[in-house]
Amino acid sequence: MAQGVIAITEQRDGKFRKVSYEVVSAGRRLADGLSCPLTAVIIGSGVEALAAEIKKHGPDKIVVLDDPGLADYRTDAYTNVVADLVKSLSPAVLIAGASAQGKDLCARLAARLDAGLAMDCTAVSVQNGAITCTRPMFGGKIFADVQIQGAPQIIAVRPNVMSIIEIARESAVEKPAVRLGEVKTEVVEKVMDSGGKVELTEAEVIVSGGRGTGGNFKPIEDLAAAMDGAVGASRSAVDEGWRKHADQVGQTGKVVSPALYIACGISGAIQHLAGMSTAKVIVAINKDPEAPVFSKADFGVVGDIFQILPEVTEAVKKIRS
Amino acid sequence: MDIVVLVKQVPDTESLVQIAGDGASIKKDDIKWVMNPYDELAVEEALRIKEAKGGSVTIVSVGPQKTQETIRTALAMGADKGIHINDPLAEGSDSLATAKILAAAVKAIPFHLIIAGQRAVDEDNYQVGAAVAELLGIPHVSLVAKAEILDGKIRCQRAVEGGTVVVEATLPALFTTQRGLNEPRYASLPGIMKAKKKPLEAKTLADLGLDPAAVGAAHRKVVVKALRLPPERKAVRMIQAETPQAIAAELVRILHEEAKLI
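From first to last, the protein sequence lines stand for chains A and B.
Going by the working numbering, the final residue of the first sequence carries number 321, and the count climbs one at a time with no gaps.
Going by the working numbering, the final residue of the second sequence carries number 1262, and the count climbs one at a time with no gaps.
You may find that some hints are simply not true.
[Stated by the list, open to error] Pairs of lysine-lysine, PhoX-like flavour, derived with a Cα cap of 20 angstroms:
#1 B:LYS1234 x A:LYS244
#2 B:LYS1260 x A:LYS280
#3 B:LYS1032 x A:LYS280
#4 A:LYS218 x A:LYS280
[Claimed, not checked] Which bits of chain A does chain B cover? Going by a derived footprint, with three or more residues having C-beta under 8 angstroms, they are:
#5 40-46
#6 214-225
#7 249-257
These are computed hints drawn from the structure, not numbers from a lab.
Predicted, not measured: the structure shown is a model, and the values here were computed from it.
Glycine residues also receive a C-beta, built at the ideal position from the N, C-alpha and C atoms.
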């Protein structure tokens, strides 16, 4: 019978992505709820040393799948080795992050294993041995509570949502032999943004601009930088060519869950409001007191973003210095 | 190059989505139904590849009768033919079951490339493209912002957090779309007229040799227990003061002292 929880961590160039700690922490809570062991899985090339770091978040066991062919994420190679591990451990639950990598891996793996997958979950709970996952749909307009039939139940959790716990355990580290299997994809190049920019889906703070910026994102960038946050944009700002597609927040862009979302000069199209609705605190700054964005905000300011944002940036800098 | 595009009909993203009386599905009336925006990118990309290299573009979709409108839209954009899996037994399928139906339909036609949206903006599952590729035993690349056909393979710029990874996959392959891939064309009037005469085949699960026990609402692996509206926020607190400086000071004070976010 399927038993245990396995948590798939994510590293890039030998460093854990933050979602890894979230996934192992959420996995720990699930394993406690189900009274079963938690295995954390590290995948990569020369990544055994990462085991010491993930121990802090409470796995009972750590499995390192290490092979030069796993250095970069490739769907087929990763699916092959994780599917082999699932066959040998037959876990009841597999939990991973709903990042670009995790979403891709879970989707392929679910089809390989003929298993149910709850994608991009914002809450996971256990009651009487049954797991309920909450997942936003329609970009966040609706929340669904779902349960998965069969095993393993595959759960991908949205980055930035699950709280991180630290409970060190003496976890044994295993490094089984891996078989890459048939691989038909190859990573030929990686082009990463320079300057340590904060990724939207991982940012604690997002300062977002819309049509009201008139294309001038300078005050937004300055405030984001002062708060170590990321810059987002509404669909109209992207359609105008003012920002890259990767910056778009909304039902047709990225759905984000920061601690603080500051919407500047964004009127609040329904599809944008959906994409930011799981932010913990929302601030809206807009000239138009009737703008729909105020209906979804915690704090609102009616005014000119070009007058207000530089003052906010100065005030933030003063507090943080 | 023979290309298959997987499309889905979804509620327009400007629609207000409401929960139906059963508490586990949405109200389907009074909604404007459109082609999933990420599938528009897929259709456009297929047409551009066909225009450059020749071949054909076939649209495949699962859904009720009105799904035909969306397939016709793709035909009006320039696709050559459509396959519509229309069977009450398929209704309510989860993503994996939907992928099984699509894969069965695609298996019956020759193809070199499949293009799908990265996700449908209704249930946001991000699953069907990858699952179809797995079921067909071909590689896939997701979240593709640029695709280039090379000799026997495809080179894709895949959007990941904080950058782009260039991935090559051997053909036949499947990729899913990311915004920025292209700007989808609108159907022209002559295109719409022509589309009316293009072949649109309707198929049932039996036509595809599929066992109804593997699909449909009754056989979901992911069972929807309840739908809810997002928790309501408290009424907005407006911050007012005489000068921008005073407004900023008050806002930052609240975020620092009350919300403890700075």
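Examine the segment 214-225 of chain A for residues whose CB is less than 8 angstroms from any CB of chain B, and state whether their number is three or more.
-> violated (count 0)
Taken at face value, is the distance from the CA of A:LYS280 to the CA of B:LYS1260 at most 20 angstroms?
-> 12 angstroms, holds
Satisfaction of hint between A:LYS280 and A:LYS218, Cα-Cα up to 20 angstroms | 25 angstroms, violated
Quickly compare the C-alpha distance for B:LYS1032 and A:LYS280 to 20 angstroms and report which way the hint goes.
-> 31 angstroms, violated
Given coverage of the segment 249-257 of chain A by chain B, checked by CB-CB distance under 8 angstroms (3 or more) | holds (count 5)
Restraint check for B:LYS1234 with A:LYS244, where alpha carbons must lie at most 20 angstroms apart = Violated, at about 33 angstroms.
Please count how many residues of the segment 40-46 of chain A have a CB within 8 angstroms of a CB from chain B and say whether that reaches 3.
-> Violated: only 0 residues of the segment 40-46 of chain A have a Cβ under 8 angstroms from chain B.
Hint check: violations occur at hints 1, 3, 4, 5 and 6; the rest are consistent with the structure.
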